[in-house]
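So the sequence lines, in the order shown, correspond to chains A and B.
If you're matching positions, the first sequence starts at 1 in the working numbering and goes up one per residue.
If you're matching positions, the second sequence starts at 1 in the working numbering and goes up one per residue.
Derived from the structure by calculation, the hints contain no laboratory data.
It is possible that part of the hints are untrue.
Claimed, not checked - Selected chain A positions facing chain B (Cβ under 8 Å, derived; list incomplete): (1) D443; (2) F446; (3) Y447; (4) N449; (5) Q450; (6) G465; (7) K468.
Where is the CB? At the ideal position from N, CA and C, for every residue including glycine.
Below, each chain spelled out in residue letters.
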Amino acid sequence: MNEIEENKIISEDTNSDDMKVLGDLTSSEYKWGFITDIESETAAKGLNEDVVRMISKKKNEPEWMTEWRLKAFRYWQKMEEPTWPNVHYPKIDFQDISYYSAPKQKPKLNSLEEVDPELLKTFEKLGIPLEEQKLLSGVAVDAVFDSVSVATTFRESLKEKGIIFCSISEAIKEHPELIKKYLGSVVPYTDNFYASLNAAVFSDGSFVWIPKGVRCPMELSTYFRINSQETGQFERTLIIAEEGAYVSYLEGCTAPIRDNNQLHAAVVELVTLDDAEIKYSTVQNWYPGDKEGKGGIYNFVTKRGACRGKNSKISWTQVETGSAITWKYPSCILQGDNSIGEFYSVAVTNNYQQADTGTKMIHLGKNTKSTVVSKGISAGYGNNSYRGLIRIGKNAEGARNYTQCDSMLMSDKCGAHTFPYIEVENESSKVEHEATTSKIGEDQIFYLNQRGISTEDAVNMIVNGFCKEVFKELPMEFAVEAQKLLAISLEGSVG
Amino acid sequence: MLSIKNLYANVDGKEILKGINLEIKAGEVHAIMGPNGSGKSTLANVLTGNKNYEVTNGNVLFEGRDLLDMDPETRAREGMFLAFQYPIEIPGISNATFLKTALNEIRKYNNLSELTSTEFLDRIKDKAKILGLDDTLISRAVNVGFSGGEKKRNEIFQMLMLEPKFVLLDETDSGLDIDALRIVSSGVNIYRNPNNAFLVVTHYQRLLNYIQPDYVHVLYKGKIIKSGGKELALELEEKGYDWIKSEELETEKV
Ligand SMILES: Nc1ncnc2c1ncn2[C@@H]1O[C@H](COP(=O)(O)OP(=O)(O)OP(=O)(O)O)[C@@H](O)[C@H]1O
Ligand SMILES: [Mg+2]
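Pulled out of the complex, with its shape left as it was, chain B reads as follows (with noise of 0.2 Å):
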């Protein structure tokens, strides 16, 4: 579904992704863990087409098409997702009103016919329900004074309401409590299907253990230095990064 060969990205002039290489496919969950500013997020903003990141080199087809090729609604609309690490405030446009606009675009792109209010209704309640999200979340302004595990659930159940075949995770589970964590990994669950696929982007094993991955990734100075399957974010959160650094660090000196 995704494939990413050679991704090298600039921010402010300063080269931050290094060569990334990264296929995915449809069915696959791959977890990516590394330190702070090692460049994950940068990673999420340039697959979603974040004009303040440059690619420089490199190049990405989503299901065989040339993904940096598309501007970021297009992409949005050809079933990318990003449930962002610091979801943004909108004053004054309500979650639905948000939504409803969002969805029909999708469709619209896609040939779809647009939703009647009440396809709409029944749509937003079905999917809150599974996040359990409080109704009046839905009616207020777009993040506006949400909570922070608030506004993470929000993007999940943005993520169910807008259905899109590949979904990125920035660090949805910083800032959930215990209950929440766990209902927002069933949400993930339940949307998790053949079809799809994710890239998670956590600190965190515990997440791992309620989304659980296919492949886990490290990110290191812009640079995957470590692949392997779910064991080896066990064997991060027992060790640590540093074993894995001084294992590039090695290899780089041959």
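Here chain A stands alone, though its shape is the one from the complex (with noise of 0.2 Å):
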């Protein structure tokens, strides 16, 4: 029997020694992996039906839900860990891992006033304009701390368009119409092992529902936040634009310096109706693990859009340069005629990392188009896949797909692998695949350097000349952001 430890838990490792550690690493060192000191319940080790029960519980989840979860609980018991992607990893322990932390607190925020200053602290350290006041950036950011929603900000003036913007377990109580219709409407809890398990645990995420005709003034925003010691975090992510919507949804995340691995198995799900648009941008940025490959987070995530509604686009670009392994395909099923799904990324494998990642563009509408846009950096001993599926249905008459996915090699020991794979049943359709794989030219970084610019410029300058494309897809302050942590993740890999 699994019971809640009410009593604090206050991690071991963070004391004062430790954050002198941490401020002596050097600059090539994650800069984010700073433990939190703050109090929070955390669940004991393990999974069985009673925690998945007292998950739901403890969120005052309706019955509906509860029965929701224990279907999918039941559904992943039957199910088994898959074993295709290129990442190589010792066994999990599902039993070994703890499914719920949050940060102990009052049981409901009203405003920012009553968070806990610790946890402010954190995300100002994360450079997370959360208090209000410093929102003029526009940003509307929702906090996922562990598990739990922390904050979201502007919720007042979206609301005065119509907007939802909140956690998960909020709408689930307040808008359980939304939740009852599109919840699981796209990565059903049968989808596979690590959504199973999702469905199962999930703790919080974000909501957002864009009604009808509405173009939200504002880019929403999500940071995630990994603090507890061998807790999985489990969010879920729902997003809806009704007809002639549009929002831009960003989401970022980073986690502390931990020894062992932590799993993150996340599922984000979006619906476009009618010409509605939905932009999701990602800068992944888990800790990826020490220059040996030890510990890291295990990024495995599914996340899937559905444009259900004719002239409707969705667009994944991420930016993955954290974790020790990542493993997603940020996938788009074009329903409605002439929906567009675009994909575009850009994934950093450096030391030990290993990312096994790409997209599927599923064609089921007439005239309905997507682009692929791939960038693999390998460095190190980094391994990376780019794993892509363009499936042409039969009704998807003059469908067209094109895919460019390039790779670029830092180092002798790094790989870089490109696995498409192209399903066609309409005759009339167009699918084009170009791919590249360069090494970084010693030619290209010493001819900069015979202008007068380092080395470690000149890496930077070609890198992010490399992943242009993909990060002109990005809004500008994230753009910036992105850079900067490419820059921050090759240090000192070549030369």
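Reconstruct the complex from the two isolated chains, following the hints.
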């Protein structure tokens, strides 16, 4: 029988010595690796029906939600852990993970003043402008700390437009009709091993609903932070754009330095109706593990969007620099006629990082279009795989896909692999695939050196040039952050 | 300005430069000629600090300081510039961004303030005009898809932008049509002044009609085997290299 340990759990390793050590790390080390000393309640390790019920109860969920979770859990129990991706890691013991951790606090937060100041400090360190007055940048932020959504800013001004932006736990209580209609409608709980696990134990995440004809006036953003040790993080995000609606959504993630691996298995579902558009951008910077490959986050995520309406559009843009292992394929189901799916990705693997990432573009409607631009950068002993599926269904008259898949190698010990799958059932469609692999040129670096540019800056310039097509898809501030992240994660990897 | 003493260098363990001696003073233009594979580009690479070229003996002073001790970017910031025989393509970085970064790095090193965007753009316009360089080439990615001649012109454009003290031109004339040759040469001549110096590598006397050298040297199998005034280039054009080679053989026997 699992019980929540109600007593204070303050991570043993959060003494001041540790913080000093962190401060001493050279600049090329992971900069977001601090641990927040905060009271939290964490469930004992292990997973069974009681744990699932406990999570649901903790969140005061209605009965139907508990049942949904249990169905997912029972389904998951019968599933096999998949082994087909081109990544290698020791078998995960799912009974050795805690499935719930929450900062201990008053039951309900009405304003930021009520948020634990330690938490706010953490978000400040991360550079997230949580306080309302700092939000002149026009980004509304939902911050998920370990498993729980901490604060959603800018809520009131969004409300005026009829936009709902809140934690998924709240949405379950306050907008059950939308949740019942859409949750699991793009990624059903039977979808895959990690999606089923997520459905059973998801703790929080963000919910966005944009009403018909409304253009969301600001970027919406969620910042994810794993703090507790040996805790899995399972967020669930659901975004719905009604007819003619538009929203741009940003997601950022960091975690402390831990020498054990932590599991992050999120699910993101997007739905666009007629003429609607969702732009989903991720800058993923989970702790990647140390130079020897010890520790780091396993980032096993299911992200999928359904272009249900005609002329609708979903674009995924991702910059993946963190995690020990990244395994995800943000995908689009292009159901509506003339709908458009896009995937722009930069994935970096340095040291012993591994990534198997790409997309699936499922063309069902007529004249559907998809564009895939993938840039893989491997350094050190990093291993980077692009895996992409383009499926053109029988009725997808006039469908088009263009895929461009470029790899850059920074060392002799790293790897780049491409696994394109193409399934075409409609002869009138057109599918194009281009792939290149290049080694970062010593002659390019020397050319820049000869013009007075240091090797480090030269590498950054060359890599940024390589990723330009993807960065230009990101909102401005994010593009700048992404460039910096890339520079940091590749620091010292050449020359 | 540049003093090369007894310089030996290897590539891939193979000795290419075998004791080069050369003195270049401010205000001078030196030309280096010599058969294919004699080591002209190797000399340019060694002087600019390409890591693939290993100096095994000798020393080089640049304005009285040990050049070989500096990394490539420091040499560039100290004012050494190489117009490459084969300019490199760098996708995704515009010529303008590249030049702005380079110029500011060099200025920072020399304790000068960074140029404002307006100052920078004015300079670009100025220099591009001298070379009749198309605006689109400035906003395009560095050398990507440039024609052979455009690449060469772009090298000289960079020289004018960065205002180096010492300029190495490695076969800048090859790949240029007759008009371009004239324009590029005039760009070099405009820049030429008593405070800077040039080392011009070429196979053809024609270039030296435009860029008149003070000295001409013949490099052969990694050694300078003959030096003279600009008339030496004419003589080479007429007679080829064989007569010097045999002269060299004679002296070797002695
Ligand atoms: N990176 C390199 N790797 C291997 N060999 C090299 C390299 N660079 C130069 N060499 C060799 O060194 C010798 C001299 O080459 P270099 O390019 O200096 O000649 P050059 O005088 O510039 O000739 P050209 O007139 O054809 O440009 C040649 O035999 C060449 O093959
Ligand atoms: Mg040469």
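So, going through the hints one by one against the coordinates:
The beta carbon of D443(A) comes within 5 Å of a beta carbon in chain B, closer than 8 Å, and the hint placing it at the interface holds. With its C-beta approaching chain B no nearer than about 6 Å, F446(A) sits inside the 8 Å limit, and its interface hint holds. With a least beta-carbon distance of about 4 Å to chain B, the hint placing Y447(A) at the interface is held under the 8 Å criterion. A cut of 8 Å between beta carbons decides the hint on N449(A): the least distance to chain B is about 4 Å, and the hint holds.
Evaluation of the Q450(A) hint against chain B yields a held restraint, the C-beta minimum of about 5 Å falling below 8 Å. At its closest, the beta carbon of G465(A) sits 2 Å from a beta carbon of chain B; the interface hint therefore holds under the 8 Å criterion. Contact between K468(A) and chain B, as hinted, is supported at the beta carbon level, the nearest pair being about 4 Å apart and thus within 8 Å.
Violated hints: none; the structure is consistent with every hint.
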